[in-house]
Amino acid sequence: CAFDLADPESVRALIDSAVAGFGGVDLLFNVGSDMSLLRADTDVVDIDFEVWDRTMAVTLRGYLASMKHALPLMLSRGGGAIVNMSSAAAFIGEPTRPAYATAKAGIGALTRHVASRWGREGIRCNAVAPGFTGTDAMRAAPQWPDLEAAALRGTRSTRVGYPADIAALVTFLMSDDGAWVNG
Numbered sequence: 001c002a003f004d005l006a007d008p009e010s011v012r013a014l015i016d017s018a019v020a021g022f023g024g025v026d027l028l029f030n031v032g033s034d035m036s037l038l039r040a041d042t043d044v045v046d047i048d049f050e051v052w053d054r055t056m057a058v059t060l061r062g063y064l065a066s067m068k069h070a071l072p073l074m075l076s077r078g079g080g081a082i083v084n085m086s087s088a089a090a091f092i093g094e095p096t097r098p099a100y101a102t103a104k105a106g107i108g109a110l111t112r113h114v115a116s117r118w119g120r121e122g123i124r125c126n127a128v129a130p131g132f133t134g135t136d137a138m139r140a141a142p143q144w145p146d147l148e149a150a151a152l153r154g155t156r157s158t159r160v161g162y163p164a165d166i167a168a169l170v171t172f173l174m175s176d177d178g179a180w181v182n183g
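Letter by letter, the sequence shown follows residues 1 to 183 of the working numbering.
If you're looking for bench data, these hints aren't it; they were derived computationally from the structure.
Positions of the beta carbon are idealized from the N, C-alpha and C atoms, including for glycine.
Some hints here could point you the wrong way.
[Claimed, not checked] What follows is a list of derived Cβ distance ranges for each label pair:
1. HIS113 - SER17: 21 to 29 Å
2. THR42 - GLY131: 15 to 23 Å
3. THR171 - CYS1: 21 to 29 Å
4. ASP146 - ASP176: 35 to 43 Å
5. GLY78 - HIS113: 18 to 26 Å
Make the full structure from the sequences, and use the hints.
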């Protein structure tokens, strides 16, 4: 089902499609961002408001729409788990990407709101905020060795993270093993 995360009605149709196909909603993994905007997400002096607005619409409002439409369905089934993809950019401060970082920081606030509002009703809501991740596209870039070396200089680990690391964490948070983790 194709959808536009920036369009709440499109998100509602996606949730409706999940209900029709699977009988309900127990889990929600919010992951989405319009990465085509990153080069235009410059700084607070030079950024176009259209870039800011689109970033907020896709990332922040899109996640809100997903939770708005999925939460009542989860509550009717006795609870569920939500994981929202954020980013280390929400915490570290960068010379560029103010819209992206602000949207990702907002995800943290939405996540804590949902966890505190519906936690006692069986809803778990957590956020994952990875830093530099060695995706296939990143590793295919000619400058990969330099990017990886730079990332390792700023981390407390012996390696960068990979998508499988994020998937394992999300799986844990959505599983019964992660039932005690909320917010």
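* Check each numbered hint from earlier against the structure, then list the numbers of those it violates in ascending order. => Every hint satisfied by this model.
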